[in-house]
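Throw the hints in and build the complete structure from the sequences for me.
Chains as they are written, first to last, in this note's numbering: chain R, 1 to 318; chain U, 1 to 255.
Hints should not be assumed to be uniformly reliable.
Simulated crosslink set (DMTMM-like; lysine to aspartate or glutamate; CA at most 20 angstroms straight-line) [claimed, not checked]:
{"id": "1", "chain 1": "U", "residue 1": "Lys128", "chain 2": "U", "residue 2": "Glu174"}
{"id": "2", "chain 1": "U", "residue 1": "Lys193", "chain 2": "U", "residue 2": "Glu182"}
{"id": "3", "chain 1": "U", "residue 1": "Lys27", "chain 2": "U", "residue 2": "Glu7"}
{"id": "4", "chain 1": "U", "residue 1": "Lys120", "chain 2": "U", "residue 2": "Glu131"}
{"id": "5", "chain 1": "R", "residue 1": "Lys313", "chain 2": "U", "residue 2": "Asp143"}
{"id": "6", "chain 1": "U", "residue 1": "Lys128", "chain 2": "U", "residue 2": "Glu182"}
{"id": "7", "chain 1": "U", "residue 1": "Lys108", "chain 2": "R", "residue 2": "Asp205"}
{"id": "8", "chain 1": "U", "residue 1": "Lys193", "chain 2": "U", "residue 2": "Asp237"}
{"id": "9", "chain 1": "U", "residue 1": "Lys16", "chain 2": "U", "residue 2": "Asp3"}
{"id": "10", "chain 1": "R", "residue 1": "Lys208", "chain 2": "U", "residue 2": "Glu131"}
{"id": "11", "chain 1": "U", "residue 1": "Lys108", "chain 2": "U", "residue 2": "Asp123"}
{"id": "12", "chain 1": "R", "residue 1": "Lys313", "chain 2": "U", "residue 2": "Glu196"}
Looking from chain U toward chain R, a few residues come up when the C-beta cut is under 7 angstroms (computed) [claimed, not checked]:
{"id": "13", "residue": "Phe15"}
{"id": "14", "residue": "Lys16"}
{"id": "15", "residue": "Ala90"}
{"id": "16", "residue": "Gly110"}
{"id": "17", "residue": "Phe113"}
Simulated restraints, written as ranges between beta carbons of each label pair [said to hold, decoys possible]:
{"id": "18", "chain 1": "U", "residue 1": "Phe18", "chain 2": "R", "residue 2": "Ala172", "range": "47 to 57 angstroms"}
{"id": "19", "chain 1": "R", "residue 1": "Phe128", "chain 2": "U", "residue 2": "Gly66", "range": "16 to 26 angstroms"}
{"id": "20", "chain 1": "U", "residue 1": "His114", "chain 2": "R", "residue 2": "Val26", "range": "30 to 40 angstroms"}
{"id": "21", "chain 1": "R", "residue 1": "Ala172", "chain 2": "U", "residue 2": "Glu131", "range": "38 to 48 angstroms"}
Quick caveat, the hints were computed from the structure, so don't treat them as lab data.
Glycine included, C-beta positions come from ideal geometry on N, C-alpha and C.
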Amino acid sequence: MTINNNGMFARATPLLFGALFIIGLVAPFAVYPTFLMKILCFGLFACAFNLLLGFAGLLSFGHAAFLGTAGYACGMLVRDLGVTPEVGILGGTLAAAILGWVFGVLAIRRSGIYFAMITLALAQMVFFFALQWKATGGEDGLQGVPRGHLFGLIDLSNNIAMYYLVFAVFCAGFFIIHRTIHSPFGQILKAIRENEPRAVSLGYDVAKYKLLAFVLSAALAGMAGATKTLVFQLASLTDVHWHMSGEVVLMTLLGGLGTILGPLVGAGVIVSLQSELADKVGSWVTVIMGVIFVLCVLLFRRGIVGELQALIKRAGIN
Amino acid sequence: MSDFILETAGLSKEFKGFAAVSGVDLKVRRGHIHALIGPNGAGKTTVFNLLTKFLPPTTGTIHFEGQDITTEAPAATARRGLIRSFQISATFPGLTVLENVRIGLQRKLGTGFHFWRSEKSLDALNGKAMELLESVDLGRFADTITGEMPYGRKRALEIATTLALEPTMMLLDEPTQGMGHEDIERVVALIRKVSEGRTILMVEHNLSVVANLCDRITVLTRGSVLAEGSYEEVSRDPRVLEAYVGSADINDAHH
Ligand SMILES: Nc1ncnc2c1ncn2[C@@H]1O[C@H](COP(=O)(O)OP(=O)(O)OP(=O)(O)O)[C@@H](O)[C@H]1O
Ligand SMILES: [Mg+2]
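Here's what the structure looks like:
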C-alpha cells in the first residue's frame with residue numbers, strides 16, 4: 001500500500017480492498033446515497049491528484065480546471081445534445097484529458113513552485129472562460145442537467161441506481177490508478193521522482209513520462225467531475241475555482257500523500273466536515289479547514305492512512 | 001572509424017561571466033581508461049555535465065563516435081551509449097536493489113509508457129538483473145531497500161545499473177570519493193573489470209587509483225587543460241607539480 005514494497009501490506013491489501021468493495025456495495029442502504037456519491041466523486045478526484053503528486057512528484061495547483069471542465073463538458077453533452085450519461089462521462093473525461101495535455105505541454109518542463117504557478121495560472125484562465133462564456137451559464141452555472149438513462153435503459157433518477165453507477169466509475173478509476181502505479185510506467189515514474197537526473201542519465205525522456213502522468217491524472221479528475229455533474233445535475237463555477245484546487249491538496253495530504261487509499265479517506269473526512277459544519281458555523285468552515293491543513297502539515301505529515309500504516313508497521317515489528 | 005571515441009573542440013562554459021570551463025580540447029581514445037584530474041573547482045564535473053548534455057556549452061563542440069552531439073537532449077545522448085555517474089552516488093533510494101538495476105534494463109523492453117500492463121511483466125528481467133548484481137557482488141542484497149545500504153555498495157549498484165545499458169563509454173565522477181581502503185580496492189577492481197570492451201573517462205582525486213588504473217591523464221586547472229599524457233609524463237611535468245603544490249598528493253601516489 002505504501003510507495004515502498006512491503007510484504008505485510010502487499011498481503012493484506014487484497015483482503016482490505018475486498019472488504020471495502022463489499023462495504024461500498026451495501027453502503028447506500030445505511031447512509032444517504034447522495035452523500036456517499038459526493039465522497040466517491042471527490043475521492044476519485046483526490047486519488048487522481050495523488051497519482052500526480054504522490055507518485056510522480058508533481059504539484060499541480062490547477063486541478064480544479066479538469067474537474068470543472070469535464071463537468072461542463074458532460075453537462076452540455078447530456079443536457080444540450082441529449083447523449084446518454086455514459087457518453088457524457090466519457091466525453092467529459094476526454095475533454096479533461098485534452099486540457100491536461102495542453103496544460104502539461106506548457107508546464108511540464110518547469111519544476112517545483114514554477115510548475116505549480118503555471119498550472120494555477122492556466123486554471124484561472126479556464127475559470128474566467130467558464131465565467132464569461134454563455135454556454136457555461138456564467139455565474140449560474142449549467143443547471144438542470146438530466147441524469148438520463150444509462151445505456152438508454154436504466155433510469156438514473158433513482159438514487160440507488162445512480163449510486164451504483166458512481167461506485168462503478170470510482171472502482172474503474174481506482175483500478176486504473178492502482179494499475180498505473182504498479183505498471184512498467186509506474187516503475188519509471190517512481191524512479192524519476194526518486195532521482196530525476198539519474199533517470200535522465202539512464203536515457204529516459206523524463207518530460208514525456210511526466211506528461212503522460214499529467215494527462216492520466218487530468219483525465220481521471222475529469223471522470224470524477226463529469227460524474228459529479230450527473231449526480232448533482234449541475235456544473236458550477238465552484239468546480240473550476242482555485243479553492244477547489246486547494247481543497248484537493250488538503251484532502252490528499254490529510255488522507256495520506258502517496259498512499260493508495262489516503263485520498264479517499266481525506267475526501268471522506270473533508271466532505272463530512274463540510275456537510276456537518278456548514279449549517280452550524282457558516283463561513284467559519286474555511287477557517288477550520290485552514291487549521292486542519294496547518295495541523296496536518298505540522299503534526300502528522302503522513303496523513304491519516306500514512307500514520308495508520310506506520311502504527312501497524314511498528315506494532316508488527318514489536 | 002576514428003581512434004577517438006569522444007572529442008571536444010574549444011569546449012567552454014561560462015556561468016554569469018565566470019569561465020568554469022574554457023577552450024577544452026579533449027580526446028579520449030577508444031578502449032582507454034582516461035582520467036580527468038585537477039584541484040577542487042577546476043571544472044571537472046562541469047566538463048562531465050557538458051559531455052552528457054546536462055548543461056549546454058557556451059561555445060565549442062562535442063563529437064561522440066564521429067557524430068556531433070553538441071545540441072542533443074541528455075536522454076538521447078545516454079541512449080547512444082554514453083552514460084555518466086554522478087559525484088554523489090545516484091541511485092533510486094526508495095526502490096529495492098533489484099528494482100534499481102531493472103530501471104536500467106527496462107528501456108529495452110519498450111513498455112515504459114504501458115500504464116495498463118502489470119509490473120509483473122518486468123519479472124522477465126530479473127535473471128539478467130541478478131546476473132548484473134552478482135557481477136558487482138550485490139546478489140544477496142537484491143531485496144534490500146537501496147537507501148538502507150552503505151555508501152560503497154550504493155556506488156557498486158550505480159555501476160551495475162549503468163552496465164545494464166551496455167554503455168560504450170562510461171563517465172565516472174569520483175567513483176571512490178568518501179570510501180575506505182577496502183571499498184576503494186573493490187571499486188578499482190570493478191572498474192578494471194567493466195573497462196573491458198569499453199571506454200571509461202573518470203574524475204578521480206585519489207592519485208594512486210589513477211596511477212594504477214588509467215592509460216591516459218588530462219589535468220585540468222581553472223577550466224583549462226594544463227597537461228595531458230601518461231601518468232609518468234604528467235607526474236613529472238613541472239607545471240602539474242606546481243598546480244598541486246601544497247597537496248603533495250602526486251608524489252605520495254607512487255606508494
Ligand atoms: N551551476 C553552476 N552555476 C555557477 N557556477 C558553477 C555551477 N557549477 C559549477 N560552478 C562553478 O564552476 C567551477 C567548477 O566547478 P566543478 O564542479 O566543475 O569543479 P570540479 O572540478 O568538479 O570540483 P570538485 O573537485 O570539487 O568536484 C566552480 O568554481 C563552481 O563553483
Ligand atoms: Mg566535481
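Hint check results:
1. Proximity of Lys128 of chain U to Glu174 of chain U is assessed by CA-CA distance (about 27 angstroms); at most 20 angstroms being required, the pair is judged violated.
2. With a C-alpha separation of about 17 angstroms, the suggested pair Lys193 of chain U and Glu182 of chain U falls inside the 20 angstroms cut-off, and the hint holds.
3. Between Lys27 of chain U and Glu7 of chain U the alpha-carbon distance is near 5 angstroms, which keeps this suggested pair within the 20 angstroms criterion.
4. Between Lys120 of chain U and Glu131 of chain U the alpha-carbon distance is near 19 angstroms, which keeps this suggested pair within the 20 angstroms criterion.
5. Between the alpha carbons of Lys313 of chain R and Asp143 of chain U the distance comes to roughly 18 angstroms, so the proposed pair stays at or under 20 angstroms and holds.
6. In summary, the hint linking Lys128 of chain U to Glu182 of chain U is not supported, as the alpha carbons are separated by about 27 angstroms, beyond the 20 angstroms threshold.
7. A C-alpha spacing of about 14 angstroms is found between Lys108 of chain U and Asp205 of chain R, which places the hinted pair at or below 20 angstroms, so the restraint holds.
8. Under the criterion of a C-alpha separation no larger than 20 angstroms, the hint pairing Lys193 of chain U with Asp237 of chain U is inconsistent with the structure, at around 30 angstroms.
9. Restraint check: the Cα-Cα separation between Lys16 of chain U and Asp3 of chain U comes to about 36 angstroms, which exceeds 20 angstroms; the hinted pair is violated.
10. A C-alpha spacing of about 30 angstroms is found between Lys208 of chain R and Glu131 of chain U, which places the hinted pair above 20 angstroms, so the restraint is violated.
11. A distance of roughly 14 angstroms separates the Cα atoms of Lys108 of chain U and Asp123 of chain U; the hinted pair therefore holds under the 20 angstroms criterion.
12. For a cut-off of 20 angstroms, the pair hint linking Lys313 of chain R to Glu196 of chain U is broken: about 46 angstroms separates their Cα positions.
13. With a least beta-carbon distance of about 18 angstroms to chain R, the hint placing Phe15 of chain U at the interface is violated under the 7 angstroms criterion.
14. The interface hint given for Lys16 of chain U is violated, since its Cβ lies 20 angstroms from the closest Cβ of chain R, which is over the 7 angstroms cut-off.
15. Contact between Ala90 of chain U and chain R, as hinted, is supported at the beta carbon level, the nearest pair being about 4 angstroms apart and thus within 7 angstroms.
16. The closest approach between the C-beta of Gly110 of chain U and any C-beta of chain R is roughly 9 angstroms, which is over the 7 angstroms cut-off, so the hint fails.
17. With a least beta-carbon distance of about 6 angstroms to chain R, the hint placing Phe113 of chain U at the interface is held under the 7 angstroms criterion.
18. Between Phe18 of chain U and Ala172 of chain R the beta carbons are some 55 angstroms apart, a value that agrees with the proposed interval 47 to 57 angstroms.
19. A C-beta distance of roughly 54 angstroms is found between Phe128 of chain R and Gly66 of chain U, which places it outside the suggested range of 16 to 26 angstroms.
20. Judged by the Cβ atoms, the range 30 to 40 angstroms given for His114 of chain U and Val26 of chain R holds: they are separated by roughly 35 angstroms.
21. The hinted window of 38 to 48 angstroms between Ala172 of chain R and Glu131 of chain U holds, with their beta carbons roughly 40 angstroms apart.
Going through the hint list in order, the structure does not satisfy hints 1, 6, 8, 9, 10, 12, 13, 14, 16, 19.
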